[in-house]
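In order, the protein sequences belong to chains A and B. Numbering of the first sequence is given in this note's numbering, commencing with residue 419 and proceeding in unit increments. Numbering of the second sequence is given in this note's numbering, commencing with residue -8 and proceeding in unit increments.
The reader is advised that the hints may include incorrect statements.
[Said to hold, decoys possible] In the BS3-like style, the derived pairs of lysine-lysine whose C-alpha atoms are separated by at most 25 Å in a straight line are: (1) B:Lys320 <-> A:Lys554; (2) B:Lys323 <-> B:Lys292; (3) A:Lys555 <-> B:Lys320; (4) B:Lys14 <-> A:Lys554; (5) A:Lys554 <-> B:Lys(-6); (6) B:Lys292 <-> A:Lys555; (7) B:Lys14 <-> A:Lys555; (8) B:Lys292 <-> B:Lys320; (9) B:Lys14 <-> B:Lys(-6).
[To be verified] Listed next, the stretches of chain B that the computed footprint assigns to chain A, with coverage defined by at least 3 CB atoms under 8 Å from CB atoms of chain A: (10) 184 to 197; (11) 286 to 298.
Read the hints as simulated data drawn from the structure, not as lab findings. All figures in this text were calculated on a predicted structure; none of them were measured in a lab. For every residue, glycine included, the Cβ atom is placed at its ideal position computed from N, Cα and C.
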Amino acid sequence: MMSWQTIYSELLRERVVYQRLDVGLEVFVMPRPGFHKRYAVFSTRYGSVDNRFRRPGSGDVMEVPDGIAHFLEHQLFEDEQGHVFNAFAALGASVNAYTSHSMTSYLFSTTDNFPAAFDRLLDFVQSPHFTPEGVKKEIGIIEQEIRMYEDQPRHRLVMNLLQALYHVHPVRIDIAGTADTIRQIDPETLHACYDTFYHPSNMAIFVVGDVDPDDVLAQVETDISGRGYAPRPPVERLFADEPDHVAAPRVETVLPAARPLYVIGFKDAPGGATGQERLRAEVVTSLVLSAALGRSSRLYQELYDADLIDDGFSVRYQLGPGFGHTMIGGETRDPDALHDRLMAGLARLADDGIAEEDLVRVKRQSVGEFVQLFNSLEFIANGFLYYHFLGGSLFSYLDQMNTVTLDEANRRLREHLRPDRAAVSIVRPPERKA
Amino acid sequence: MRKTFEVIDIDRGFRLHVLPTDKFKTTSVRLILRQPLRADTYTLTAVVPFVLRRGTRRLPTSRDIARHLENLYGAEFGVDITKLGETQNIELSLDVAHDRFLPEQLGLTEQGLAFLGQVLLDPSAEDGAFRKEYVAQEAEALRRRIESLINNKPQYALNRLRQEMCRHEPFGLHKYGDVDELRGIAPAALYAHYRHLLATSPVEVLVVGPVEPQQVAAWVRQHLSLPRADVGEAGAAVPVSPPPREERTVIEELPVQQGVLALGYRTGVRYPDDDYPALLMYNGILGGFPHSKLFVNVREKASLAYFASSQLEATKGVLTVVAGIAVDKYEKASAIIREQVEAVAAGAFSDEELEHTRKGLINGVLSAQDSPGRIMGGRLVGLVNGRIRRVQEVIDDLQRVTREDVLKVAAGIRPDTVYFLRTPASGSREEGR
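Hey, can you work out the whole structure from these sequences and the hints?
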């Protein structure tokens, strides 16, 4: 028997077991008997914001083209024999990958042949094959992916907002880059990024489903030990200093859309808080936002009754390395009227404070919603690694939430949802000719 | 866990389907009123659930409902319209966390059913009419939803393709109704239509969770006592299909960065037919997976697109292909897509492609059993089509499909309509549709 550490959730009656290999790779397994599907994700702490860093070994500072983390994700699906998709198809497994601001994840799910598919996952993520022809082909595909996003008014709305909120932080860059920046990518730069960020010490694996953790670990250890990795210190990322204030208070653009779109962002004070502290901020902020703007709130009802928002109205807090912000918005008939009513409502709430009974109720809601999320193996694996990479734990989410006090919530409300830290982005459809 | 639903008759044309299982953290409920998709009623039918969710007699505002749901530990409540072939189904859905995972035992499953009963049977209404402002707001919201489809170009293109392809068939109607009719919904007429639906629609209640079927049946009888009359037709009949005709091309111009090419085909084979598993295999070989011909040839080999795939609507018998391409690559992309369709028909697919597709489909069927939503969605497809296909049956059928079976299905695939969404040619400055 290998010695596992166990993380247990009393409420969910679920356990996650955990080991860290000598070369730094972290392996998590959550057994879920009764499910047909087995789901594995292999992730690296490497996303679109990691565009300036010190190369391990030489210590040289490197600055790379926008969109390269996402480009690299596409390119790992190239291998010498043929296409990675085919190898998984032969096993009846479904493989995919995604790149976010702060991580890149490779994943598959299968109801059969788990060990063989898991071997394939371990292998293709650790077998880069970058060629000039492969890069050229990928440029055509990713350019169409970028065009697809450009035709989504919502995507443009959010990109414009991030550029208004941030002066220099790379969260303001599109994850996929642009048609111009991806043309600057070559095999050599891809290799440099790969060598820096795809070392086991920067990576983690999560497996969930009807599996035996010892079997999973044995497979990982056999694979990793055969690849001759040497231990390595953490990657040093170089972020320029981001000011507290926003870069631009308001940005508007005209795009073909059914109706105007509005979003307001509140920039969080960046800083050197620990992972647990930042996770705490997320938990408190989510409760504050539910109490302030959830469907049971006075403000939501007011905006809905005034025909300023609809079902698509969304409110969320986003957190990542060196950044954090709340985004509130959706489609509206009148962005300016929505803005005025929203700001007046938030100012009123800052004066009155959140009521105790509202906080109690949104906590109940959050507990139940959290439990429901655990039906999804995909949520469990991806959510767990996301919080782990931020320095927190998905399982501690509920404990954190239960200990949030009314004072803490109201303090957060007043310090975070401040007009002097806000930027607004608006997309308007072209004026119609009479 | 039981492998199949237990079916309990509640009333005339009103059945309860329960799948008891400990696998999930939730109890999930779907309450469905089944209707044929018909030009004279579809707009009214679409508005009904959205007005119902606005308020009940005891919880008269959205805010009251939201508070109630939050107190039920974040019960997820939603309403929607599901269009399957030429049927239009009103769906009320509720998912609650199971008591055993919560700090207190509130009997959430029964409370959830009681809430659904309130929404369906005791709406906020007076003098035989729904509240005026709710009707106006929700009809307008649906109209906007239809218009906002333009914000998602691939979805918009697929919807326009189906609309053009089936412009003389009920399937061409939008599930949320007609944008002009939505402007003039009368609260009293809507209420009368709603009462008619309660009395005559075939009703299915689906429940998946750690529950005991007879107990659930008792709760349903108590909280969902519908004023039943003679039950009408729900549209399980074979959908309308036009006679063979020339392929038609529709080009629409909008200022877009990316063109969207969508092709529609008639399959001849539908969900209840014995050839359905072979049709699934056909779609999988052509464009259902990343190993399929469309993905490999349009994206990986020609580098023309980020997405290129095919989709099946087997209740109607329509197959669609969609790809996002540069506008000037229209000819090249159409040619490659047509070559793939012809290749499958000519038997130009390897045993490997056949087997990969078979495994991929079986993986999909089994994976669906890990999601309450997909289990219930599959059940509804079976009910609408008048043929329940059990999981093991589908898997066995897929195991038996031969190359010849696929070729037989391929021979019956007929091209119908091509739709292309593109940016106006340079020089042209005209606006409008």
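Here is what the structure says about each hint:
| no. | hint | in the structure |
| --- | --- | --- |
| 1 | B:Lys320 <-> A:Lys554 | holds (17 Å) |
| 2 | B:Lys323 <-> B:Lys292 | holds (13 Å) |
| 3 | A:Lys555 <-> B:Lys320 | holds (16 Å) |
| 4 | B:Lys14 <-> A:Lys554 | violated (47 Å) |
| 5 | A:Lys554 <-> B:Lys(-6) | violated (49 Å) |
| 6 | B:Lys292 <-> A:Lys555 | holds (8 Å) |
| 7 | B:Lys14 <-> A:Lys555 | violated (44 Å) |
| 8 | B:Lys292 <-> B:Lys320 | holds (14 Å) |
| 9 | B:Lys14 <-> B:Lys(-6) | holds (12 Å) |
| 10 | 184 to 197 | violated (count 0) |
| 11 | 286 to 298 | holds (count 9) |
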